[in-house]
Structures are given as C-alpha cells and as structure tokens.
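Q: Here is what each chain is made of, one letter per residue.
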Amino acid sequence: MELLHDIYLYLPAVIVAIAGLAVMMLSAFQANHQTVLWTSVFLVAVALIRAGADLFAEAGYVFGGMAAVGGMAAFGTFIILLGTLFTLLLCHDYFEKAGEYFSEIYAIILFATTGMIVLATSTNLVTIFIGLETMSVALYVLAGSVKSDKRSIEAALKYFLLGAFSTGFFLYGIALLYGAAGSTSLEAIAAVTDKGLIYWAGTALLLTGFFFKISAVPFHMWTPDVYQGSPTPITGYMATAAKTAGFFSLMMILSRALESSHVQWSEVMQVIAVLTMVFGNVIALVQTNVKRMLAYSSIAHAGYALVGLSAGTLEGYSAVQFYLFAYTIMNIGAFGVIAYFERYRDLDLTELDNYAGLGYKQPLMGVLLTIFLFSLAGIPPMLGFAGKYLVFAAAVQSQLILLAIIGVLTSAAAAFYYLRVMVFMYMKTPATDIQLAPVGTVYTLALGFLALLTVVLGVMPWTVADILAAF
Amino acid sequence: MLSLTWFLALSAILFAIGTIGVLTRKNAIVIFMSVELMLNAVNLTLVAFSSFMGDIHGQILVFFSLCVAAAEAAVGLAIVIAIFRNNLTVDITKIKLLRW
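Chains as they are written, first to last, in our numbering: chain G, 67 to 537; chain P, 68 to 167.
Heads up, some of the hints might be wrong.
Straight-line alpha carbon distances no greater than 27 Å define the calculated BS3-like cross-link-like pairs of lysine-lysine that follow [what the hints assert, rightly or not]:
(1) G/K494 x G/K427
(2) G/K213 x P/K163
(3) P/K161 x G/K427
(4) G/K163 x P/K163
(5) P/K161 x G/K213
(6) G/K216 x P/K163
(7) G/K427 x G/K163
(8) G/K427 x P/K163
(9) P/K93 x P/K163
(10) G/K216 x G/K261
(11) P/K93 x G/K216
Calculated from the structure, these hints are not laboratory results.
This is chain G alone, in the form it adopts within the complex (with noise of 0.2 Å):
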C-alpha cells in the first residue's frame, strides 16, 4: 500500500515514463507523426498540471527517503515539464522540414524527461545517477538525431565523448563520498565529521561532474560545439530543462549534503561562477552565428545562477529557482523562433548576415525574437529582470558584493550581443530576397503564450516570487 501511494505522489515522473512507453509502441505500429506528437504532448500536459497542484502540496520523501516530493522537487518538475511541453509544441514542425522525421523522437524526449524529474527530486545519490544517465544517453541520441547532417552527428559524437568523461568523475565522486559516509543518502552525507581526504576529494570529483553538466567555465569545451550541430528545437530542450536539472540536483546536493562545508565550496563556486559569466559573455560578443551566440549565453546564464548558488541562503536558492523558471521560459522562445528562421527559407543557415531585414518580412516572428533577447538581456520589465535581480540582490545580502557588482558588469556587456541581433534584423538590408514560409498555428500560438509569460510575469513576478518563498 505505501509503494502505491509513493507512486500516487511521485506521479509526474510515472506519468512521462509511462508516456514514453506508450508512444514508443505506438510508433512501433507506425502511428503517424500528428497522432504521437498529441498523445505526448497530452500526457505531459497532464504531469505538468499534476507537478503545478503539487507545489502547494506539503513536502516530504518517497520510496524511503530516495525522493523528495513537493516543495523545491516539485518546482525542478513544474520548470522541466514545461519545458518538455513546449519542445514537443515546436520540434514538429522543424524536423518535418530537416527532412529526417521518426516519431521515436518523442518517445526519446520523454525518457529525457523522465530521467531529468529523477535527477532534479533525487535525495540519494545512487537514484541521482541514474537520473543524470538516463537523461544524458537520451540526450546523446536526440544531439544526433538528424543522420543526414554531418554537424548533427558531430554534435553527437561531442556530446557523447564528453559526457561519457565527465561521468566518469561523477561516479567517482559518489564512490569515495560513499566511502566517507559509508551511505549514499544525501542525509548520511551531511553527518560525515571526520573530514579527511576521501571526503573532499569526493565532493571535489562530484562538483566537477556537475559543473561538467551546466557547462560552467573551465568545464563547459562541449557547450558551443553541441549547441549548434544539434537541431535547435533540441538545443533549446537541452539548454533549458536538461540544464535546470542539473541545477535543482546540485542545490540538492549543496543544501542538503555539503550545508557543513559550505564555506569552503562557497568560495570555489565564486571563481566559478566569475569565470562563467566573464568567459561566457566575451566570447558570446565576437560570435556571428546566432545558434552559437545563444550557446555562450546560456554559459553566461549558468554564471548568474551560481551567483545564487554562492550565497548558499534559502533567498539565493529560491532567487536561482525563479532564475530557471525565467530562464526556461524565454530561451525555449528563443530557439523557438531561430528555429523557425532556420528551416523555412532558402538558406539553411543561421549566420547572423543573413537575418538582415527578417523582421520585415514576419514581423510577428521578429516582435517574438525581439521580445526574447530583450528578456534574456535582463532588460525591465520583462521576466529575465526579476531573474536577474533576485540572484544579485541575494547575493548582496550575503555579503558577495564583488561577485554582484561583475555579475551587473557582465550582464550590461550582454546587451550588445542581443541588441546586435536586432539591428540585423531592422536596420540592415537583406543582400539577396529571401523567401519565408508561413508559420504553423501551433508554432505561432506556443511561441506566441511563452512572449505572454515573459512580459506578463516580467511585470508581476511576485506571483511567482511568493510560491517560492513559501517552500
């Protein structure tokens, strides 16, 4: 009886897994694309309305202590199955057009899913890893999902090598934490005393790993790389939900583990997080293609939630949570709207050249890309403001003011990157005539309620703000 009420409350994750199941034997039977597409794309629906009635639910632990449900688990699930929902909305269209379209991608996205709700509610380390694996070798397949596109497979190949390596350090970080606690239960962890050598390389080997997964600078070779071979509904997919993953996992381990030691990963974390944000933005400045742009800002943007994540307070982990949300939210619009660029015209590029002049020929879609960047440059009042200011006013409150002060810095230096893409877009003159598609309804009605979210809850984040600060 208590599994099933376990089951009862993790129900979100049951859900897409049994969601990825069921659509997999569908396309066995060769359903067509319209029928797996909505039947994913209604059981997700249907986990997220679950996942957004847990988070006023009390919180507690699952299948003896292995999970944590409601409260911040409960909002990691919310973020990475709206996420999920919005990808499935858009990678339609897209790999229809890529012209190498199997509908066992979805059923490949919702075990990502499934394995990303694992990763961001675990509360052992042993069910952490296997979230972090099922997620990763999902994501490895859907890098390369388009065969036929050399920078696909490459992306891949990259993605998979990489990851591989960095899951390597992982486990061995798990290995000898295990040894110092002689448990994997993140409790057993944060009772370790005795200190020695086995503890902190284990927890310098599992940082590394993570830092590996949110590709903060010096760990984050991959990003760029992958971000642009892969096609660019998935990109958004593992820039957002697989990233907001790893982050609710490490504010996992962080606060409920490492909380003795805070002092001493409190100060690595800041060089971390200073690099992320100068590297990740500087290198975002000189990029002319906009895929890759986007690449080194979600860089940047993992600076900024480390920023959060120094402070180590219940305001900075609740700052870095609503930062994700935002975050979500805005960059799935994003590669929502470059994706549309990419595939519906003549020139199958996303060379920043040749976006001169788009926002006259789809003025919708150059309003939505605008009305992103804009959010993602943190400019008021749109949602990436509140983000921005929650993460450096906890800071602040917790004495870091080095680390907001350049964290500012930085993001001011960012708007010239986002902007850039504006001026392409309205002021320069198209060299040759490009033709452009008409957009889907959906596409158009899902980018169209994620520009709605960004500027609405942009104006009145405290709607938002409130929930989180009552976990």
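Knowing the structure of chain G, use the given hints to seat chain P on it.
A: Then chain P, alone, in the frame of chain G:
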C-alpha cells in the same frame, strides 16, 4: 588480508590511466575504451568500500553503473558508426566542422 588503501590506490591509478587516455588519444573508439576503464576503476573503489564496510549498497550501485556503461556503449558505438559513414574516419582531430 590486504588493507583498503591498496584497493583504493589501484583504482586511483586505473582512473588516472583512463583520464590520460581520454586526453591524449585521437581515435574515438580508443577514447571510449579509456572512459570504460575510468568507470571500471570506480567500480573497483565501490566494491572495495562495500566489502570493507560490510555494507551491500555499494555493490548494488556497481550493478547500476554496469547497466549504465552498457547503455552508453550501445548509444556511443551507434554514434561512432554514424560519424564513420559521414566522414570515413573516427579520428577526432579530423572531425572539425564545428570549431572545438
């Protein structure tokens, strides 16, 4: 009986060899083999801890990590085959459509 330190030292050495292999080799399959060496070095650590502490959880984690390694091998080799079909090589220094 040997002390725990010997087992930990052996697995640390194997892990270091694996890491060096990943960083220096150019053939994608050899790099993947080095990654497998790293994972198996970790498995050795886990089994050693598990056995010396008389706690079964570490050995169960080894089963999970073996499964994960198998899943990674399946996906990884498929990707290597795809890359070979496209480029007729698995030398990672020659696969540079995207700047490293």
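Q: Would the hint linking G/K494 and G/K427 be met if the CA-CA limit is 27 Å?
A: This hinted pair holds, its Cα atoms lying about 12 Å apart.
Q: Mind checking the alpha carbons of G/K216 and G/K261 for me, to see if they're no more than 27 Å apart?
A: 48 Å, violated
Q: Between G/K216 and P/K163, is the straight-line Cα distance small enough, at 27 Å or below?
A: 10 Å, holds
Q: Holds or violated: are the alpha carbons of P/K93 and G/K216 at most 27 Å from each other?
A: 19 Å, holds
Q: Hinted pair, alpha-carbon criterion (27 Å max): G/K213, P/K163. Please report holds or violated.
A: 17 Å, holds
Q: Quickly compare the C-alpha distance for P/K161 and G/K427 to 27 Å and report which way the hint goes.
A: With a Cα-Cα distance of about 39 Å, the restraint between P/K161 and G/K427 is violated, given a limit of 27 Å.
Q: Hey, G/K163 versus P/K163, does the alpha-carbon distance stay inside 27 Å?
A: 25 Å, holds
Q: Is G/K427 close enough to G/K163, meaning Cα to Cα at most 27 Å?
A: 20 Å, holds
Q: Can you confirm whether the C-alpha distance between G/K427 and P/K163 stays at or below 27 Å?
A: Between G/K427 and P/K163 the Cα gap is close to 34 Å, so the pair fails against 27 Å, i.e. violated.
Q: Mind checking the alpha carbons of P/K161 and G/K213 for me, to see if they're no more than 27 Å apart?
A: Distance ~19 Å between P/K161 and G/K213 Cα, so the pair holds.
Q: Please work out if P/K93 and P/K163 have their alpha carbons no farther apart than 27 Å.
A: 13 Å, holds
Hint compliance for this structure: hints 3, 8 and 10 are broken, all remaining hints hold.
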